[in-house]
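Using the sequences and the hints given, assemble the complete structure.
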Amino acid sequence: MPKSRILIVSNLLTIGGAEKLIYELVVFARQNNIEPTILILDNYKVEYYDKIYKEIKVNVVRTRLHNIKHLRAPFKMLRSIYWVLLLKFFTNNFYESVHLMGLYNLYQIKALLKHKHRFFWHVTNAIQCTNGTYDFPSSYFDDERDTIVCINRYQINELIAHYGHALKCNLRLFKLFIND
Amino acid sequence: MIKLNVIARVDKDKNSFGDLLYALHQLKQEQITQVNILFVGPIGNESLYFETLALAQHLGISSNISFTKKAILIDDLSEDIKSGYFVNFTIADFMGYSALEAIKNNLKAIFYNADSQYIESIKDKPINLCADLKEFISLIKRLISEKPAVDAEIIKSNERLKDTFRLSNNDKRTLLSFIKP
Numbered sequence: 001m002p003k004s005r006i007l008i009v010s011n012l013l014t015i016g017g018a019e020k021l022i023y024e025l026v027v028f029a030r031q032n033n034i035e036p037t038i039l040i041l042d043n044y045k046v047e048y049y050d051k052i053y054k055e056i057k058v059n060v061v062r063t064r065l066h067n068i069k070h071l072r073a074p075f076k077m078l079r080s081i082y083w084v085l086l087l088k089f090f091t092n093n094f095y096e097s098v099h100l101m102g103l104y105n106l107y108q109i110k111a112l113l114k115h116k117h118r119f120f121w122h123v124t125n126a127i128q129c130t131n132g133t134y135d136f137p138s139s140y141f142d143d144e145r146d147t148i149v150c151i152n153r154y155q156i157n158e159l160i161a162h163y164g165h166a167l168k169c170n171l172r173l174f175k176l177f178i179n180d
Numbered sequence: 001m002i003k004l005n006v007i008a009r010v011d012k013d014k015n016s017f018g019d020l021l022y023a024l025h026q027l028k029q030e031q032i033t034q035v036n037i038l039f040v041g042p043i044g045n046e047s048l049y050f051e052t053l054a055l056a057q058h059l060g061i062s063s064n065i066s067f068t069k070k071a072i073l074i075d076d077l078s079e080d081i082k083s084g085y086f087v088n089f090t091i092a093d094f095m096g097y098s099a100l101e102a103i104k105n106n107l108k109a110i111f112y113n114a115d116s117q118y119i120e121s122i123k124d125k126p127i128n129l130c131a132d133l134k135e136f137i138s139l140i141k142r143l144i145s146e147k148p149a150v151d152a153e154i155i156k157s158n159e160r161l162k163d164t165f166r167l168s169n170n171d172k173r174t175l176l177s178f179i180k181p
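Quick note, the sequences are listed as chains A and B, same order.
Under the working numbering, think of the first position of the first sequence as 1, with each following residue one higher.
Under the working numbering, think of the first position of the second sequence as 1, with each following residue one higher.
Rather than coming from a laboratory, the hints here were simulated on the basis of the structure.
Treat the hints with care, as some may be off.
[Claimed, not checked] Restricting the straight-line Cα-Cα distance to at most 20 Å, the calculated cross-link-like pairs of lysine to aspartate or glutamate (EDC-like) are: (1) A:K175 with B:E159; (2) B:K108 with B:D76; (3) B:K180 with A:E144; (4) B:K108 with B:E51; (5) B:K147 with B:E135; (6) A:K110 with A:D146; (7) A:K20 with B:D163; (8) B:K180 with A:E35; (9) A:K88 with A:E144; (10) B:K147 with B:D80; (11) A:K51 with A:E24; (12) B:K180 with A:D50; (13) B:K70 with A:E19; (14) A:K175 with B:D163; (15) B:K104 with A:D180; (16) A:K20 with B:E120; (17) B:K70 with A:D50; (18) B:K162 with A:E24.
Here it is in C-alpha cells:
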C-alpha cells in the first residue's frame, strides 16, 4: 500500500518560529508513517533547514505559482507549470491534507489550491500587524471546509473580534509542540 | 554587569525593541548603568534598525546595546553570551519557539509581554514573566540586588515550562486528525 503523503507550503526555511513548526510537523508526520513534501514559494535561496531536510531525505521543492513566465530558465518555468496544475487539479489524489504555514502566505494558494482538507496555520498575533490589527482580507475565512489552526487562544479571540460573522471556516487551537 | 540577549529578527512584526530601550533609559535615570542588551537576529527591516539606533542615542544608552545582525543558533553562541539572560517576547503567557530553545538549553529565559491589551489576563505567573515595562524593570533591579535567589527561581520556573511543549496522547490524536483527516 502506498505511503500517505501531506503537502506543507511556506515561503522560508530560515531559523525562525514558523520554520521550526514546519520541522516539528515533518517529524511528527514521519513518526506516523506519513511522507511530507515541502513547497517553498517565491524563494530560491538555500536556507538553514534545506541541509537538515536533505539529510533526512524530505523532499523540498522551491518554485513560484504566479508570474511563472521565465523563458531564460525553462526548467524553472516547467516546474512552476507542473505545480500550478498539481495544486489546481490533482492534490486530492496525492496528499491526505495540505498545510499552509502563516496566513501571510495564503494569498499564494487560496484561490489556486483545490483540496478538501486545507489547514492554514496561523502563526502571528494582531500586535505583529500594522497598527496592531489584522489586515488579512475576510475572503481568507470564507470557506467552511477550511481549518485555521491557531497556536494560542489569543489569536482566536482576535480573529473573532476582527472578522466576526465573516469567519465561515473552522477555527482550531493547537499548541506549539516538540516531538519526543 | 547584567547581560540581556534578545533573540529576534529586527523587523516591524517584532517591534517591542523600543520598550527595552526605554527600560535601559529608566534604569540609567536611577544610576543603574550595568545593563547591556545584545539583539541576536538578522536585520529584517533596515529602517527599524536605524530608528532603534537613533532612539538609543536619543535616550543616551547607545553604549549599552549591540546587534549580531544575523541569526545565530543558541549552540553557536559564546559561553559569555549564554551566561546572560534571554529575553523573549510573548503574547501574555504564550511563548514561541525561541523561548523553548532557551529553556531547553538551560539558559536563563525571561519573558516580556509584547501586547499591553493582555496585561490583565496574565495570572499566576512565574517570576520571569513580565506583564509590562514596570515589571520588567523591577525584575532587572532584582537581578542586580538578589541575583542568586532570582536566578534559582528563574531556572526552576523554566524547568516547569519545558513540559508544556510536549505532546500528550490526546494532542497526538488531534494532530494526526489534522494530518490524516
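Hint check:
no., hint, verdict
1, A:K175 with B:E159, "holds (18 Å)"
2, B:K108 with B:D76, "holds (16 Å)"
3, B:K180 with A:E144, "holds (18 Å)"
4, B:K108 with B:E51, "violated (29 Å)"
5, B:K147 with B:E135, "holds (16 Å)"
6, A:K110 with A:D146, "holds (10 Å)"
7, A:K20 with B:D163, "holds (17 Å)"
8, B:K180 with A:E35, "holds (11 Å)"
9, A:K88 with A:E144, "holds (19 Å)"
10, B:K147 with B:D80, "holds (17 Å)"
11, A:K51 with A:E24, "holds (16 Å)"
12, B:K180 with A:D50, "violated (25 Å)"
13, B:K70 with A:E19, "holds (16 Å)"
14, A:K175 with B:D163, "holds (12 Å)"
15, B:K104 with A:D180, "holds (13 Å)"
16, A:K20 with B:E120, "violated (30 Å)"
17, B:K70 with A:D50, "holds (18 Å)"
18, B:K162 with A:E24, "holds (16 Å)"
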